[in-house]
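*Asks:* For the protein sequence lines, the chains are A and B, in the order given. Under the numbering used here, the first residue of the first sequence carries the number 1, and numbering increases by one thereafter. Under the numbering used here, the first residue of the second sequence carries the number 55, and numbering increases by one thereafter.
Source of the hints: derived by calculation from the structure; they are not laboratory data. None of the values given here were measured: they were computed from a predicted structure. Just so it is clear, CB atoms sit at the ideal spot from N, CA and C, and this is done for glycine as well. A few of these clues could be false.
[Said to hold, decoys possible] Have a look at the derived ranges for each label pair, beta carbon to beta carbon: (1) A/49 x B/567: 29 to 35 Å; (2) B/84 x A/53: 27 to 33 Å; (3) B/617 x A/49: 35 to 41 Å; (4) A/53 x B/267: 41 to 47 Å; (5) A/49 x B/241: 41 to 47 Å; (6) A/53 x B/622: 56 to 62 Å; (7) A/49 x B/463: 24 to 30 Å; (8) A/49 x B/577: 46 to 52 Å; (9) B/315 x A/53: 17 to 23 Å; (10) B/330 x A/49: 49 to 55 Å; (11) A/53 x B/556: 32 to 38 Å; (12) A/53 x B/614: 44 to 50 Å; (13) A/53 x B/341: 20 to 26 Å.
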Amino acid sequence: MVGSSLVTTVVSVLAGGAVAAVSVVGLVSSQTSPPAKSPVDVTAPVAIDYGSNT
Amino acid sequence: MATHPHAGARSRTLLPDLWVVLLSVLLLGPVLSPGFVLTYDMVWVPDLALTRDALGVGSALPRAVPSDAVVAVLDEVVPGALLQKVVLLGCLLGAGTGVARLARPSVVVRLVTASVYLWNPFVVERLTMGHWPVLVGYAVAPWVVLALRSWRRDGRLPLRLLWLLPLGSLSASTGVVLAVLAVVLALVLRVRRAAYVVVVVVLANAPWLASGLLHVGVATSDAGGAAQFALHDEGAVPGPLAALTLGGIWNAEVVPDARTGALGWLALVVLVGLAALGVAGLRRHLGGRAAAGLAACAVLGWAVAVLSWAAPGAVGWLAATVPGGGLVRDTTRLLALTAPVLALLVGEGAGRLVQVLPRPARPGAGVVVALLPIALLPGVAWGAGGRLVPTDYPPDHAVAREAVRDAVASRQDGDAVLLPFSSYRQPAWNGDRKVLDPTGRYLGIDVVADDALSVDGVELPGEDPRAARVGRALEEADPRGRAIALREEGVGLVVVERGAGAAPVVTGRVVHHGPELQVLALGPVTPAPPPRGWWAVMAVAWAAYVVVGLGGAVAGLVQTWRRRRARVDA
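With the rest of the complex left out, here is chain A (with noise of 0.2 Å):
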């Protein structure tokens, strides 16, 4: 019983561990990677897209 409890709360903690290094990845990768789209050009056209299907 006890060796039970003890399996869960180390699988339990390195669960929690592994999600919380995903948040954190996560959110690092988000804030440093570059932008999607460069800069929008000067020339373009003057109907800008609401937005895109794909």
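For this one, chain A is given, so just place chain B on it according to the hints.
*Replies:* Relative to the frame of chain A, chain B by itself:
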């Protein structure tokens, strides 16, 4: 050591509330720093004016009714930039704390419920799209459910419902969401005098309903737009499955990267799995009737979204045939009906999962499940992953506003037209981020704006007949001819946004020439006022809205004060 009985109850509320504050600040991040966040449809200015469009008597469909008018009044007291932050932070705080109170009083259940309700694609994408009235309604929704449950319990109409519904109905689509939620729950819960709900719902939505009826002749939209604005797949995740976890918005530009990869599938499996585990628990906690009512709303929201994915032609026909049918064009807005149930089910499921673990493992497991929604949607923290950044308007805008005021004071009648004649901008001073042209709102005048849209290069015609006529006036062969045609349309001012692209030249007196804006006065015009009857109709609608909202708020405050006084006296 003995624990005070109230200490546990307090921690069951306090801890989730603190968690909500943390998540809200983490999600908004730089949004809370000085400046205006201008993104897609989110346009805030220092001092919004009560224009005809804001009051619902302009020629355009009432897309910002009553939100613009409410902001125009409130920013007389609180500066626009600060008000925007208060509203956005308030949305998230209200949403998280509301849904947590709706959940079973267990710290883990409430933490997870709040995490799911706040940290999901719906919230992130609507923030990025600038649909703040949708988020206000989203925040109000759990509180409406709480109010209806208390009505069922006490048998008395909760006065807070009188101001919650007008507050949450700041746009047509969110008004519809709250109306469905309130009416369905009132009927299912069999509250006493349920007809009152219908009355309050109608009064809370009176401004946009009345204005919509006045515009009924032009209130149909292009059928082709339905396919563009329908529920969409997210990467390899089909739309209907993405919608189960509140994703599938039409605009791929605002979809977080994590939703289009393997994490999208993982989120689906984990969240739906936990939700399935929580069904029995939620039914026990809310009671069969409330659970059934909420589930019915959730299925309805999801089904409408899926309908647009499966049969965009049918939704297009509705938008093109039935006046106001365009309301449901952007169908994933209705997933606001699905969100409360998803969050509550996942919270219950997570609570059940943690409960089966040995006691020593539970705190760690509780932290894991509370963090799960964040781990499944990483990269959206700190202003939706860096997409929401405050900016300042160029100083030239303030100078131009004064020039426009001077021109109007020196009897330059008529409305304004912004050139280039198109709806969206990507100003360099806004970091090249797209935004609905904010110049008209900044200048504080009535503007004839182009309401045509371009999605993925597909042109979607607008509905405003006056905007179409102004567009044709600008196609006249020479600058003088354009000025004459514009004056005949009641346009007295032309504002050229330099750097926004090529614009047709119009002959007029230059009243301002700055680095960003040029303002031209066209001379005498015949203004085109709305029919007198429109003012009368809208006056009644606004009176109903204000009376029910403010009256409810004052009555609620008095009731709370009396109860507290009675408790002190006892």
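*Asks:* Would you mind marking each hint as holding or not holding in the structure?
*Replies:* Verification of the supplied hints:
1. Checked against the hint of 29 to 35 Å, the C-beta distance between residue 49 of chain A and residue 567 of chain B comes to roughly 30 Å, which is consistent with it.
2. At about 29 Å, the CB distance of residue 84 of chain B to residue 53 of chain A agrees with the hint of 27 to 33 Å.
3. Between residue 617 of chain B and residue 49 of chain A the Cβ separation comes to about 54 Å, which falls outside the hinted range of 35 to 41 Å.
4. Range check, residue 53 of chain A to residue 267 of chain B: Cβ separation about 32 Å, and the 41 to 47 Å hint is violated.
5. In this structure, residue 49 of chain A and residue 241 of chain B meet the distance hint of 41 to 47 Å, their C-beta atoms being roughly 42 Å apart.
6. In this structure the supplied range 56 to 62 Å holds for residue 53 of chain A paired with residue 622 of chain B, their Cβ-Cβ distance being about 60 Å.
7. Range check, residue 49 of chain A to residue 463 of chain B: about 39 Å between beta-carbon atoms, so the 24 to 30 Å window is missed.
8. About 36 Å separates the C-beta atoms of residue 49 of chain A and residue 577 of chain B, a value inconsistent with the hinted range of 46 to 52 Å.
9. Distance hint check for residue 315 of chain B and residue 53 of chain A: the Cβ-Cβ separation is about 18 Å, which falls inside the suggested range of 17 to 23 Å.
10. Distance hint check for residue 330 of chain B and residue 49 of chain A: the Cβ-Cβ separation is about 39 Å, which falls outside the suggested range of 49 to 55 Å.
11. In this structure, residue 53 of chain A and residue 556 of chain B break the distance hint of 32 to 38 Å, their C-beta atoms being roughly 27 Å apart.
12. The hinted range of 44 to 50 Å is satisfied by residue 53 of chain A and residue 614 of chain B, whose Cβ atoms lie roughly 48 Å apart.
13. At about 42 Å, the CB distance of residue 53 of chain A to residue 341 of chain B disagrees with the hint of 20 to 26 Å.
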